[in-house]
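Student: If you read the sequences in order, they're chains A and B. First residue of the first sequence? That's 6 in my numbering, and the numbers climb one at a time after it. First residue of the second sequence? That's -17 in my numbering, and the numbers climb one at a time after it.
Just so you know, these hints were derived from the structure itself, not from any lab. Heads up, a few of these hints could be off.
Label-pair ranges, simulated between beta-carbon atoms [as the list claims (entries may be wrong)]:
hint	chain 1	residue 1	chain 2	residue 2	range
1	A	GLY65	B	LEU830	56 to 66 Å
2	B	THR519	A	GLY63	57 to 67 Å
3	A	THR58	B	GLY167	58 to 68 Å
4	B	PHE788	A	GLY65	20 to 30 Å
5	A	PRO68	B	GLY851	28 to 38 Å
6	B	THR519	A	GLY65	50 to 60 Å
7	A	PRO68	B	VAL770	46 to 56 Å
8	B	LEU641	A	PRO68	50 to 60 Å
9	A	PRO66	B	ILE577	38 to 48 Å
10	A	PRO66	B	SER765	42 to 52 Å
11	A	GLY63	B	THR649	42 to 52 Å
One-sided and incomplete, this derived list gives chain B residues near chain A with beta-carbon spacing under 8 Å [said to hold, decoys possible]:
hint	residue
12	ARG334
13	GLY525
14	PRO528
15	LEU531
16	PRO551
17	GLY555
18	TRP559
19	LEU565
20	HIS605
21	VAL617
22	THR619
23	PHE679
24	PRO682
25	ASP704
26	ALA715
27	LEU775
With a straight-line Cα cutoff of 16 Å, these simulated EDC-like cross-link-like pairs (lysine to aspartate or glutamate) come out [claimed, not checked]:
hint	chain 1	residue 1	chain 2	residue 2
28	B	LYS405	B	GLU328
29	B	LYS405	B	ASP325
30	A	LYS55	B	ASP901
31	A	LYS55	A	GLU69
32	A	LYS55	A	GLU67
33	A	LYS55	B	ASP678
For each residue, glycine too, the CB sits at the ideal point set by N, CA and C.
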Amino acid sequence: MTPNLVYVVVIGVLFAAGVSMVLERSLTRVLMGMILLGNGVNLLILLGGKAGTPPIVGAGPEPEMADPLPQIMILTAIVITLGMTAFLLALAYRSWAMSGHDEVQDDVEDQRIMQLAERDEGSGTDDRDHHEAVR
Amino acid sequence: MLIVLLLHAAAAVLAPVAIRYAGNRALYGLALVPAGTFGWTATQRPPVAETYPWVPHLGMDLALRMGPLSWLMLLIVSGIGAVVLAYCARYFPEGDPGLGRFAAIFLGFATAMTGLVVTDDLLVLYVFWELTTVFSYLLIGHRGEQAAGRRAAMQALVVTTAGGLAMLVGFVMLGHGAGTYRWSGIVEGPLPAGSTIAAVLILAGALSKSAIFPFSFWLPAAMAAPTPASAYLHAASMVKAGVFLLGLLGPLLARTEPWRPVALTAGVITVLLGGWNAMRQHDLKLLLAYGTVSQLGLLTIALGAGSRAAALAGTALLLAHALFKAALFLVVGIVDRIAGTRDLRELSGLGRRTPVLAVIAGLAVASMAGVPPLAGFVGKETLFAAFEHGGTTDRLVLLALVAGSALTVAYGLRFLWGAFARKPSVAPTPVSRPGFAFAAPAGLLALAGLAVGLGASWLDGVLTPYASLFPGETEHLALWHGLGLPLLLSVTVLTVGSGLFVTQLRGRPWPSRRLPAAEMVYKWLMSAVDRTAVEVTGATQRGSLPFSLGIILVVLVLFGAGTLVFVAPWPGGIRLWDTPLQLVAGAVVASAALIAARSRRRLTAMILVGVCGYGVAVMFVLHGAPDLALTQFLVETVTIVMFVLVLRRLPVRFSARPLRASRVLRTTLAVATGLVAAGMAYVAVGGRIATPISVDFAGPAVSYGGGHNIVNVALVDIRAWDTMGEISVLVVAATGVASLIFRRSGALQRRRAEQGNGHAAEQVPEPGPWLRAGDNPEARRQSIILQVVARLLFHTIVLFSIYLIFSGHNDPGGGFAGGLVAGLALTTRYLAGGRRELNAAAPVDAGLVLGAGLLTAVGTGAAALVAGGEVLQSALLDFHLPVLGHIHFATSVFFDIGVYLIVVALVLEILRSLGAELDRQHEVAARSERRAVERPREPAFAAPGDQAPGGSA
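So that you can see chain B by itself, here it is in the shape it has in the complex (with noise of 0.2 Å):
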């Protein structure tokens, strides 16, 4: 069975493929997936069971099984599939550009349906079952260009989704209760805990599924789909799902108390609304598809009565509608093909024009209507029979399906008058024959029909096993069942039905008063999610940064200040300081970062917050964290470099001061926030008593990590995966600067160092004394003692660097510290030369860079996994060399060299972003500024952000 399922999915796929090249033929071949399963199926002998692990955590197999109802369901899903995929052949016009796309869909679609059918594992099954939702709401909105498809196939997909979440819940209750998700477990166990509700969470998705009252509308609207997807939709899938479920469920959750009624009730009321509605109808599909709403509230009966005789019953008509609905279907298709229409009221004298499509209309309108000996009769005199001898609520089912079927017969008439009948007030409609080739798909289903109503013994005998699951009499399938009250029934529906339609046809026009329609319902609902969502969004959402901050800030500071008050066990004691250093760093600290929130100069402000971070640095060397402060160190180095190149071209001051109101309510909120933040820091350091687990680290550092600086080696194995992410971000935020500031030439044009710089006077000149880049406009501007010190510490500093990454395992270092150092080595030779200077210095492409060391990190993490590890493991290596003797390592350190380059391309993307670039723009804005002061009349043409801004840093 796997591989069926695996076919199928591998036919969906090969689909746009073949039909790019084959064209319509390519329909036929892939037809031959689902008939090659129907072959199969049909000699397979129920029941079959496999089984496949799939997620071993969460108990779910891939289990197969096919019972004798999954088998007669794999043989209508898969032959229906098959008629229909040929059918499409003919009836899609050749070279339809979305005709690849349909049948991927579709055989998709198969797929879903026939993975439902046959799996074992209630979890699996509503994988499937939303799988058969989503193909679903992709073939009804096949023609997405058209409203009505979207929104009819919005419907469906809102409404079956909604029912499917409901009986993911009862799932959930029924596997939890019984401690088995697989179906064939839990049917042999006593009803589980709580199956009530279960049951009727689950009946919810099965109705839905099935377009039941009261979710009967989205099948009709439904119909926006093309003709052959609405004969699978109809007759063979989806709709089918729903009463599969009941079938399937039937023998163990028929027991519980709600199911009966509420199958009855919602199927008798879908029986009578649906054949009422169909009366009604002009557009022959639209008359089909309320058709089917009814017959599907006739099988919801069938399925939910839970009795022997109404389960035999059920899985015969089951069968008898998948042909005479999937014939009618493709009838229709037939007719809009060669007519043109659709309409009942246009469509006159097709029946003589075409004899052949008018009698196998004819067969399956029969077989729908119960008329002997077709499969339809069969089913349904035993429907009669199955009801027969109950009580009260019995008698009133069994008055409601002789109503629903006289219904069924008067609406088949009509549709067979409105296709083929000669109108007299209506001129014949010209029309051109059908091939054979595209009538013969709907005459085989019409004769299939005919075969299964003269073989209902043996349909007997096959479906029995089934049956036998239910409590009940004894009933069976047969054309002659004697005289009695069955027989009577069927003749009395029959003349009634006929009597309708001629009643109905003499000029009595059906009553137009439309009946309780749940769709307004849905409608209103839908369109009141939609305002509460716009007022709620509205409300919340005011678009301002300040108020959506202020709003997070204000239920912290309601919220914490609560819990610290009214709940938070306060800590007895406090301790002024570990080392009275504390104090000093502390107050630089809080004074620094009080007078920069004060400031209203960017310079000032941003030397204030440089002078905070350094301060928060030695509070780290305080506390005992090298590491962290020499990273802090470092960082906040380069956060100033990037701070002063970028605002040496924005305004001194920042712009216009908030008004004083809203300054006050800033302030309090901001005071406020740090009385909690600070509460909050009191108590919860206060509330730590259990022992860190940090206190294990130690040992395991050493041995398995292969060095003694805890954090390093913490970073680069067990929390490797944490900094794998942390250097992503690294290199998107990279990339994002470079892109934010490479605007005009193109972020690409950066890659190659030299490029973008405009003019070819401005190539590397001869190198000078000191520099590389030599004599240049911006080197002349800097301090000669600057640029001799860059020169002479420029390597050294660099070598450092590459120190700091192999002595990071044992001291404070690492890939991080290493790769910051780097970069403030580059940072030197551009603050002493300018861009020019900075790419002699590094002449490649950051971009490159950063590529490289992510390269690095990955391919560190898939060697260890190659060589049979763990993702990022890393291992230790002992080895001797020539010169260098022992050699100890870890191959982590591959994984921190990944990290260094990565952080020198960050540092290197700034330099030539906020740096470079920026010199750049504003040298370009300066020299068309001055041709415009030449030229005074030439109006002056700058970007807007090429307007310089005052001066040069």
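Next up, chain A with everything else stripped away, as it sits in the complex (with noise of 0.2 Å):
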């Protein structure tokens, strides 16, 4: 299959825009760069799959007809992709009403790891060492 120069370009575009978007620390532009991105992947699966007419039987001549199968798996994505929207910008809505921002903080435990590290320690998780630990 020769690929068409304008889906190219669309999606390393959306790429490129998501990822700047993703890389950021507010959740709601977290989702924004998400919503772009997943239609980036969308494109590119459709890609994979030939251009033509309307995949319903008696539509079309049937060799014509665009290959059905990348658009099923997108149909998929695309409602998925609904759900962890609403689910994230909930999740940004109650960070901003607890902390008064919707930014995503650095995960506490991992840093408590990290200062184990740093002090040279176990984590405990063997029994001997924690009880030793705390005494």
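Dock the two chains into a complex; use the hints.
Tutor: See the structure below:
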């Protein structure tokens, strides 16, 4: 199959714009980035199938029909994105309501482990060390 | 045999209930299960075989086979199990809260052990093997509140599981080489390819399970378990599983190169090490535990030697050890209970007060030491005879056997002296006499040891069929072998052992220097794993989302770009477009995306992202994907509504811009990712040369799926499972949204649409001219034209959405699109009249609709199953109705209805949460703010979430 230049360029732009938004800390911005990325991925999958007439039997000559398989996959992806968007939006609002902003903070547990690593200590999951440490 | 297994399992499940109702007496009833097994086994004559198909795809059957060795082991496992359970009834105080759990785990363990000894399939054997590991973990850690118990349990689990995994690899190699996993099949063939490595791996598993050097350390620690559990673990199960495996696989694998040297070396070291350490112990139970280690070394030598005489001796010792070791542990349990201590430095004069107990212990120790005419003597003398005639290796092993046995005599005497002797320097311990039912189990086992010794010739007849699987000279079990080296050695052992004990008693302290301790290696290893995990986690998981995402993207860029540049075949040509219109749509999408990425205002960015989505929908149309376009348009619209609902509460701008350096870094990474993605798209599409699988979809879609629209038919047919997963995600997302937003009033209150609105005055008033909710403050803010349109169009749109479900099979539409359309109808009602209007339009609980939708979808799948088809298989129905005429439809339409309901409910839940509930929270906050202004002295109270942000929509 010969690639379609418009698609290739649009996919690249959507990925670039999506990534630049995802790499920020504001949750709503991350969410918008994810939506852009999702659109890019959907186009990428779509590009993998032949373009043509709608894949409806009888609507056109069968050999000219677009490849239905990528479309089936994308349809699922679109609806899942809707669910994810709703959830992340609720999360962003909740974060704003609780802390006055919708920024993703650093993970507390991860920071605790980093501190352990700096102090050259174990996590105490093997019980013995933990008890000795407690004493 | 399957019935035996099932009975055990059932007893394990019923045990807690039985004990709750009948108390400790229930244990006697439960003991009937292993006792019955013992009785049944005793009447059987091996070999007995049964086969039930289990996992046919893996060629795995539940093949049960009881050869002579399995027969003996089953007798031991069930017999000791029954006796120990009966003993538990007196050992545990009445009303012990942990007893039900203990009995259940104990019987579970017995089930696993029974399965282990009677299975013929190596993979099934592995499953039972690991089950014993898990149950022993639970038994050892029975007192989970004690750190020692937890630690010991973890140690046993880690060591034996590691060995078990090695063994599994060995089994797989063996089974793969032989072409079957049935041991009865493998053993009849020649040595399979790769069996040398397999033998080493299997040895690692067996030796770790049996606590043989270098894995011995876990067993003494495991005495943190309750004493009856220890008796069972040491005498009949767990550690016996290892030597049983040696004995089972020995007839074939002893022919491999490493088998004999490894087994003999490890066995010899263990015999000496265990005996040596036992002499140093003050805790009677710990003394016995090290004694077990030593005895297991002996068994490893006997069953790993691969000769006929040694195997015969090994099986006899296996039985003898089970009897005397279980008896001794039970005695320790009794001593512990009646005297309150197990420390031999504190016990004194028990022999005089409890003479029966002392006799029982004496009998058991005598068997352990190899005093005629007890079972231990018969086994040990045959073992001496087995190594009597060999070369240098055999002589060395014989020497070690003699030394180990002498140590056994010494620590046996030490045990008796420690538990029962009157010590001049210690005041007599006050004791209460053990009842008959408490001491009887131990006595029974000790007497059984005597009986087996006296019946040596009978035992010989029973065990010879197994021993004859090995090559070598014929040997017989007997009490009297005649004068010869074995008898001389037995006498030497008893003399030297007694001498050792007397020397120690006279005040020569046993050398306290610790012998090589593999335990230190284990501890070092565990803490090294822990430290490494901390370092690796600390270095890679920085806890910052942009950092983690950045790492993922950098990897994508590096690998992606590397592959593109160096490996990927680049396609020759490129088309500009399919139709020039694509360029227009593409330009809109690309520019909207770029501007959105640069925008600092939330609303602007959101609108541009929406434009981008609509542009993609246009590209779908141009590609020939009307269903995608329809769904994308609808989803994009719902998304915009959602964003607006939330963004009206959030600050206008995004929070502070990141620093310039990180901005440059981000942009670079973004551009690089975009380039790689574009490159991958180009190469991947150019690389598609095979005919797609979907060219054949058209025919079956009509004939089998009953529809002309291939995409929608596939969604509810070949990809129905996928759709099922997807709608489940939607249900979870909808519930998640609601529970994130309804926090203070409780998510449950949204169940009734009107509740949670607080004031009675806000109840639905008289219907107004256009909207059902009539005149209310929210509605007054909206345009009257919007209200008129919303009211007029609502039913039409809902009707259209239902039409879409049914038309979706042949034309664009379907459950998703229909659901979204209906959701948008609800959205217009909400926008026109606020939350009261929404409640009037959809006076139902969104959660109920979600559940109903899921139930419909699942029900459709289940109905197909009931009707005899595959899950979610659709059927075509044709029938005639009086008015409507001929009806033709596919049952998958019900599945689509389920999808429809879930999507509608999702949108409803979004409107209720992000719309109505946010309105309400805002109103409450505004009201309390007003009150605070009116009465400035009173401190204003508002939850952080209720602080009103600027402006409403």
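Student: If any of the earlier hints don't hold here, list their numbers in rising order.
Tutor: 1, 12, 16, 22, 24, 27, 30
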